[in-house]
Structure formats: C-alpha cells, structure tokens
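Engineer: Below, each chain spelled out in residue letters.
Protein chains: 2
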Amino acid sequence: MSAEAVAPLPKYYVLKTDLVELIANLAPGTLIPTERALADRYGTSRTTVRQAISELVAEGRLGRIQGHGTFVAPPKLTHVRQLTSFSEDVRAQGLRPAAKTLALSTVPADNEVAEKLTVPPGTPVHRLERIRLVEDEPLAHEVAHLRGRLPGFKAKLEKAGSLYTALKEGYGIRLLDVEDTVETALAGPEEVRLLGVEMGSPLLVVHRLVRDAEGIPVEWTSSVFRGDRFRFVARIKADG
Amino acid sequence: MSAEAVAPLPKYYVLKTDLVELIANLAPGTLIPTERALADRYGTSRTTVRQAISELVAEGRLGRIQGHGTFVAPPKLTHVRQLTSFSEDVRAQGLRPAAKTLALSTVPADNEVAEKLTVPPGTPVHRLERIRLVEDEPLAHEVAHLRGRLPGFKAKLEKAGSLYTALKEGYGIRLLDVEDTVETALAGPEEVRLLGVEMGSPLLVVHRLVRDAEGIPVEWTSSVFRGDRFRFVARIKADG
DNA sequence: CAACCCGATTGGTCTATGCCAATCTAGGAC
DNA sequence: GTCCTAGATTGGCATAGACCAATCGGGTTG
Chain W
0 MSAEAVAPLP KYYVLKTDLV ELIANLAPGT LIPTERALAD RYGTSRTTVR QAISELVAEG
60 RLGRIQGHGT FVAPPKLTHV RQLTSFSEDV RAQGLRPAAK TLALSTVPAD NEVAEKLTVP
120 PGTPVHRLER IRLVEDEPLA HEVAHLRGRL PGFKAKLEKA GSLYTALKEG YGIRLLDVED
180 TVETALAGPE EVRLLGVEMG SPLLVVHRLV RDAEGIPVEW TSSVFRGDRF RFVARIKADG
Chain Y
0 MSAEAVAPLP KYYVLKTDLV ELIANLAPGT LIPTERALAD RYGTSRTTVR QAISELVAEG
60 RLGRIQGHGT FVAPPKLTHV RQLTSFSEDV RAQGLRPAAK TLALSTVPAD NEVAEKLTVP
120 PGTPVHRLER IRLVEDEPLA HEVAHLRGRL PGFKAKLEKA GSLYTALKEG YGIRLLDVED
180 TVETALAGPE EVRLLGVEMG SPLLVVHRLV RDAEGIPVEW TSSVFRGDRF RFVARIKADG
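Chains as they are written, first to last, in numbering that gives the first Met the number 0: chain W, 0 to 239; chain Y, 0 to 239.
Hints listed in this document are in silico derivations from the structure and should not be mistaken for laboratory results.
C-beta atoms are modelled at their ideal positions from N, C-alpha and C, and glycine is treated no differently.
A hint or two may mislead.
Stated by the list, open to error - Rough simulated footprint, nothing fancy, chain Y against chain W, three-plus residues with beta-carbon under 8 Å:
no. : segment
1   : 17-23
2   : 68-80
3   : 125-139
4   : 153-165
As the list claims (entries may be wrong) - Away from chain W, derived, C-beta distances all over 12 Å, residues of chain Y:
no. : residue
5   : 21
6   : 24
7   : 152
8   : 179
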C-alpha cells in the first residue's frame with residue numbers, strides 16, 4: 000500500500016512472534032520443539048533460534064533446562080505489597096509460602112545500611128538473610144537489616160514465624176509506613192545459585208525502608224525477586 | 000583452596016565483569032572500545048563480546064548506537080509514585096518533564112478496559128494516549144482509559160496541563176486510592192519506534208487503577224517505561 | 001530387583017566469518 | 001562558505017559448525 004520502504008523484521012523476531020502464537024494454547028510445562036528442530040523448520044541457524052527463545056525466556060514465557068528441553072512457563076504470580084507479610088500475600092493466593100534462613104547475626108552497619116537506618120557506620124545491627132519459597136520453589140533472596148537492640152531476636156523470630164509479627168508482638172514496634180523502590184536487573188552467578196534462574200534472566204530488585212510509629216527507620220531490606228515469576232502490586236491511599 | 004571443582008565462569012561473563020569495572024569511573028556518554036577491538040584484546044570472538052555488552056545494555060549500564068559506538072549510560076532516574084502526577088515527580092528532581100499527546104478520543108470499551116472500569120463492554124470511554132518525556136527524551140508510553148462522561152475533556156485537559164488536575168478542578172472528582180502493578184517486559188518494534196530503545200531491552204510495564212472517593216474505578220492506565228532509565232518508588236502508609 | 005553405566009538427546013558456550021545499516025568524516029563541487 | 005558524495009568505521013543480523021554439560025532412557029551388571 001504505502002510506497003515507503005518498510006524495514007523488514009529481523010528473522011529472530013518473526014520466529015519469536017510465531018512462538019508466542021504457538022505457546023498461547025499450550026499448557027504450562029509443555030515442551031516445544033528443540034532448537035535444532037526449529038532451526039531446520041525455519042531454514043535458519045540455531046543462533047537465530049536461540050536469540051528468539053532467549054527473549055521469551057527473559058519475558059517469563061518460556062523456560063529451559065539443559066539436557067531436557069524448552070517448555071511453556073507457568074503464569075506470573077501477583078505479589079500485593081501492603082503492610083502485610085510476604086507469607087500472607089502468597090497464602091491469599093492459595094499457595095504455600097516458606098522461608099529458609101541462610102544467616103542471622105549482628106553485624107556492624109556498612110555505609111549504605113548506616114545511611115538508610117540513620118545510625119553511625121559501624122553500629123551493630125541485626126542482619127537476616129533469607130530465601131523466600133513458594134510451593135518449594137525459591138523465588139526471592141532477601142537481606143534485611145534491623146536497627147536497635149532486639150534481645151532474644153532469633154527465638155522470637157522463630158516463634159512468630161514472620162518478621163513483622165515478631166517486631167510487633169515481641170517488641171511492641173508499630174509500623175508507620177513503607178517505602179519500596181522497584182527496578183530491573185539481570186541475573187548473575189549469585190542469583191543463578193540461590194534462585195536457580197539462568198544467567199542474564201530479568202530480576203526485580205526491591206529496596207524496602209520501614210519506619211516505626213515515630214518515623215524512625217527500623218528496617219532496611221534488599222530483595223531480589225525472579226522477574227519472570229512475579230508481578231508487584233502497590234495500593235496507595237490518598238492522604239486525606 | 001577447596002578441592003571441589005569450580006565451574007569456570009563463561010568468557011562473556013568475565014568480560015562483562017571487566018567492563019563493569021572499566022566503566023565505573025567513566026562519565027556518562029564516554030565511548031568504550033569497539034566490539035572488534037574488545038574481541039581482539041580479549042582474544043575472543045565478536046559474538047562473545049556482543050553477549051557481554053548486550054546484558055550491560057539490558058541493565059541500563061551501557062547504550063549503543065549503530066555506526067557510532069557503545070557508551071556509558073546515564074544513571075537511572077527515580078520515579079516516586081504517589082497520588083501526584085508524573086510531571087510533579089520529575090520536576091521534584093530538578094528535571095524538565097513534558098507530554099506529547101498522540102491520541103485523544105472516545106472509544107467503546109474492550110473487554111479488559113470494561114472489566115477494570117466495571118462497565119459493560121462497548122460502553123464509550125475516553126482514551127488518552129501519550130508519550131512522557133524528560134529533558135526531551137521519550138521515557139514512557141501511556142494509554143489511559145477514563146470512565147464516565149467528561150464534557151469538554153480535551154479543552155479542560157489542555158488547560159489544566161495535568162490529567163489529575165483536570166479531573167479534580169474540571170469535574171470535582173476526588174481520588175481515593177491507586178493500585179499499581181509493576182512487571183518486567185522486553186521491548187518489541189512498537190517500543191523501539193515510540194521510545195527509541197533497542198529490541199529486547201527491558202521495560203517496566205505499569206498498570207494503574209484509580210478509584211474515586213466512592214471507590215468507583217475512574218481510570219485504568221497502561222504504561223510502558225524504559226527499564227534502563229527508571230526506578231519506581233511507592234510509599235505505603237499503614238492503615239491505622 | 002536395584003544400581004550402575006553408557007550413549008543419545010538437548011540446551012550452553014564459543015569461534016570465525018560475511019554482509020547489511022547507520023553514522024561520521026574528509027574531500028570535492030558549487 | 002555550503003552542500004554533497006564517497007569511503008571508512010561501527011554496531012546489527014545471520015550463518016555453519018564445534019565442543020561442553022546436563023538429562024534421560026535403556027541395557028548391563030551385581
């Protein structure tokens with residue numbers, strides 16, 4: 000129709016679009032043809048097939064396992080971030096949450112933690128490192144830093160099961176507000192190891208600052224979520 | 000030290016790590032060596048160099064322009080999402096915001112819009128499509144759908160300059176709360192065209208549902224932000 | 001029967017190379 | 001001087017093939 004020269008779409012993008020159609024009606028977990036088979040069928044190189052598949056993996060639509068194959072990924076979860084706990088959010092969706100504590104100790108605050116918690120660098124703070132699981136699948140890596148002296152914190156945390164419950168019922172700390180920042184990143188070796196994602200897959204990096212009823216920062220947490228399995232929701236109320 | 004066999008890091012990842020160090024002390028905009036030069040220097044193929052650079056581009060640390068070169072990317076912006084407007088947020092950072100209206104019309108609600116705005120499919124709704132700019136650079140593509148009859152909307156919007164101001168001062172609509180969802184995606188041809196990003200670069204897709212004082216949904220907006228230029232912040236107040 | 005091993009299959013990394021497309025620069029035409 | 005063109009340079013796309021690593025299935029071995 001138009002006389003204008005239209006830039007032809009790259010082959011890998013055409014293939015990607017075709018794959019999206021193909022998997023639209025397939026159940027999660029279904030294997031798609033192998034890379035070599037697709038390369039044959041489309042008369043293209045495996046490199047080109049891999050570029051198309053890689054983007055779909057990055058978008059969370061496909062997954063792949065070396066030696067096994069490439070399959071349709073399960074749909075994204077929705078994570079409602081209110082002043083509730085991760086566990087509650089997940090349970091509200093009918094799923095089974097869990098947390099594995101990797102480390103719990105008292106450490107001197109580094110410069111970043113000190114700034115966020117408004118304490119002098121070197122001040123002892125509690126450090127809690129955990130893996131968040133849903134249906135036994137590791138979905139997030141979280142490192143929390145807590146300000147102040149919290150005697151018997153370990154026992155209280157285990158008893159309460161939830162960080163926020165422990166703070167509230169163990170120490171009477173009431174929370175005023177939460178500030179979350181959300182940004183994208185790509186997985187490196189640490190995330191590959193901890194979350195079982197593949198190199199270069201997208202992540203959501205969340206930094207959370209929690210203030211108590213007096214407006215004093217009490218918690219500074221850095222979390223890395225699998226970007227292909229999560230969607231964040233924030234509900235924000237009007238001021239008046 | 001350990002007798003355990005350590006999986007050797009892929010070459011492209013080593014190169015990526017080296018590049019992160021290299022650019023740490025370089026000013027934004029500085030050109031890094033060309034792909035061919037890096038391939039020579041590291042005794043590797045250009046394909047491997049491109050894999051390393053591609054991930055850094057996806058993370059927003061590098062940018063590249065065909066025929067020109069690969070350069071250090073500017074730092075991310077921070078976008079505070081409260082019940083304020085995009086414009087106010089950007090101005091608060093000392094930057095110059097702008098919006099370019101691509102389309103403003105009344106259209107029948109499709110299934111998704113109808114569901115979100117709780118109206119029957121086909122109901123006339125206002126559709127506003129805009130490009131958000133900061134310092135003349137397009138950073139987001141936004142399609143808003145507004146429920147209800149809004150006589151003279153176009154004129155009021157132009158007069159107010161801001162969507163929220165227009166709703167409030169033009170029609171007395173007070174807003175109760177906002178619900179944002181944030182997820183990741185990769186750029187396709189439309190984003191390449193509208194935002195000037197490259198194919199496959201990461202995006203933040205935000206869906207926003209705004210309710211009025213009675214809790215009735217009044218706005219359903221779909222936004223696509225450049226993932227390499229934005230960081231979201233949500234402040235959430237405790238309920239009581 | 002269970003445990004083991006081996007080979008086929010599949011994705012992961014990498015090479016070497018070619019050509020296309022966008023950009024920039026140096027020279028020449030006017 | 002301005003404009004234009006022709007190369008050189010740079011990133012973008014794609015090929016064909018090699019070898020590695022993880023997985024899985026079937027057959028052998030105890």
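Engineer: Work down the list of hints and note, for each, if the structure agrees.
Structural biologist: How the hints compare with the structure:
| no. | hint | in the structure |
| --- | --- | --- |
| 1 | 17-23 | violated (count 0) |
| 2 | 68-80 | holds (count 3) |
| 3 | 125-139 | violated (count 0) |
| 4 | 153-165 | violated (count 0) |
| 5 | 21 | holds (17 Å) |
| 6 | 24 | holds (18 Å) |
| 7 | 152 | holds (22 Å) |
| 8 | 179 | violated (5 Å) |
The structure is inconsistent with the numbered hints 1, 3, 4 and 8, although it conforms to all the rest.
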